[in-house]
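Asks: So you can see what is in the structure, the chains are spelled out below.
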Amino acid sequence: MTNSIKISSLLGLLIGLIGSVANSQTVSTPVVGFNKFNFSAGNTAFTATFTKPFVFSGVATSKSSTWLTVSTASFSSLGPVGGLPTHYVKITSGPLNGFVFDVVSNTGTTISVDGDLSTAGATPAFVVRPHVMVSDLFSSSSGLTDGLDTITVFNPDGTSSILLRAAADSSSGWVNPIDESVANAVIYPGQGFYITAATSGNFTSSGQVETTQTVVPLYAGAINLVSRASPSGSGVQLGSLGLGSGLSPALDTVEFVSNDGNLSSTAVYLWAGADGFVNAVDESPANQNVAGGEVMNVTVANSTRWIAPAPYTP
Amino acid sequence: MRKLVKLTTLSAALCSLFAIQARAGTVTISATGLSSSPIFVTSGLGSLTVGTELNIGYFYDTSALTSLISTYKAGVEGIGNTLAAAQTDAATKSGLLYSSTVGWLSNSSNFKSLPAAANTISQTGGAAGKLLFASSATRTVNGVSGTYAGATGTMDVTYANYGNSLPLWAWVATGSQITIVTDSTWVIPTSPTAGLTIGSAALSNGAFGTAVNSNEILLGSYVDYSSGSDLVAAASIAETYTVVPEPSTGALMMIGACGLVALRRFRKV
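Those protein sequences? They're chains A and B, same order as listed.
The first sequence runs 10 to 323 under this note's numbering.
The second sequence runs 391 to 659 under this note's numbering.
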């Protein structure tokens, strides 16, 4: 997996704007850019390293366990469409800071979500963003073969969802291989997926860089492909990602795989509690850099979560 | 305490590694003529019957498979006193050759089936432990729209039950005709969770589109059209007829007369 990074308007623009704003409020311009990912023939793991621009950012004026209200808002339709959620709410303050909830319905001022907001505080801050879909990532891809190439997304219940490439027969570019109906899938923040391709090619993740922490769920009995979801090419030590804090010592593992199309296991680390991550074979301390778009396969004995740090903090 | 943690850690590590090895991957089947990829059809280029089985798996002895295919391709010779009798004889021999070939292909000591050992199979209109040409779709073949049976679905397969990088074949038996194909990309993945697509789109009609690729279409033929879906046609059994005329009554009387003459001459001596 090689990628080319271009973050336009990046820090220079951000710093320039901050410097030019002469009032007491903090104003930040979203950092935008793209990653172009190259995939090999065979199987390769990827993630989305950018989010879509938010359609709302603010503070709830009231809430219940399942909905948020902003009395002055005028939300347009936030999905779902065709059984798939199209938008998500991400809490950005309080006890549930970083939690992501699918939008299940909305009015002009109220958003109902799939999940429990009971402990989110009385008036949590939140953003609403459109989901990144498989169709978004591969809208300008190359090298995919109709009727052969697939995307695999792993579900919380241990099952997987397969999309078969059919650019000539589907509005999304993908079909369900079971019945050939038009198909699409959500790539949740921090979630990885597999590409199975007959030949090499590339695709592009573009949009805004996430600036807040993200809570990534880890499910027992499921394949959890997760990532930092960062466009940055520089690595961060595995032990510095905060991943271990939610794991069960001496039970849960993090596996790294090759990106040459074989998905060969390159390293497996065991969470050893106070000893940090250790090599699962010889118990030597882990010395593993994790690149921004690198996908990890986390196996957990009990469902838990990882509070993934923000890729970029203004 | 430290030792206890170490032991626990090691045993857990081993458990984790075994758990990783036991995971399964998804095999996607795509043989429906989707996006103009080839469709499996009969030797007469007609649609397969819905419900025909698509067999996917591994042959233990490829030399024996090659020999089997050669025998099948050689066909049968019908022998009889009349053309009709020769044709009947050929039909009987064809039936026996077809049955013995399918019997060999189906034998679990020759062929390890993926669907038979799959953890789950997801296919609309499918059957337990089998992958079928279960769906019908309208496809355009050589400018003509028609309905063709196709096979599509997914299987959850534990690759560890087979072995890394083993090549796979697909074969279809229609009741009188057989197709056997393979592709270099149809191999058991090295990663236990990787995906694998057995798609007819991988089958080509040979280098530069000029000739049937004998490395892929082992039994059957690739029908390449300039537009729409191509076809992979099943191979029927070639029949030749040898007629051995029954002696006529006149010929028999002549033979008898010759015998009498010979007897007289023998007695004179």
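Watch out, some of these pointers could steer you wrong.
[Unchecked claim] Pulled a few chain B residues facing chain A out of the computed Cβ check, cut under 8 angstroms: (1) Gly470; (2) Thr544; (3) Thr580; (4) Ser594.
[Claimed, not checked] Stretch by stretch, here's where chain A covers chain B in the computed footprint (C-beta under 8 angstroms, at least three residues): (5) 414–427; (6) 556–563; (7) 581–592.
No lab work stands behind these hints, which were simulated from the structure alone.
We put the CB at the ideal spot given by N, CA and C, even for glycine.
Asks: Taking the hints in turn, state whether each one holds.
Replies: Consistency of the hints with the structure:
{"no.": "1", "hint": "Gly470", "verdict": "violated (47 angstroms)"}
{"no.": "2", "hint": "Thr544", "verdict": "holds (5 angstroms)"}
{"no.": "3", "hint": "Thr580", "verdict": "holds (5 angstroms)"}
{"no.": "4", "hint": "Ser594", "verdict": "violated (11 angstroms)"}
{"no.": "5", "hint": "414–427", "verdict": "holds (count 9)"}
{"no.": "6", "hint": "556–563", "verdict": "violated (count 0)"}
{"no.": "7", "hint": "581–592", "verdict": "holds (count 10)"}
Hint compliance for this structure: hints 1, 4, 6 are not met, and every other hint is.
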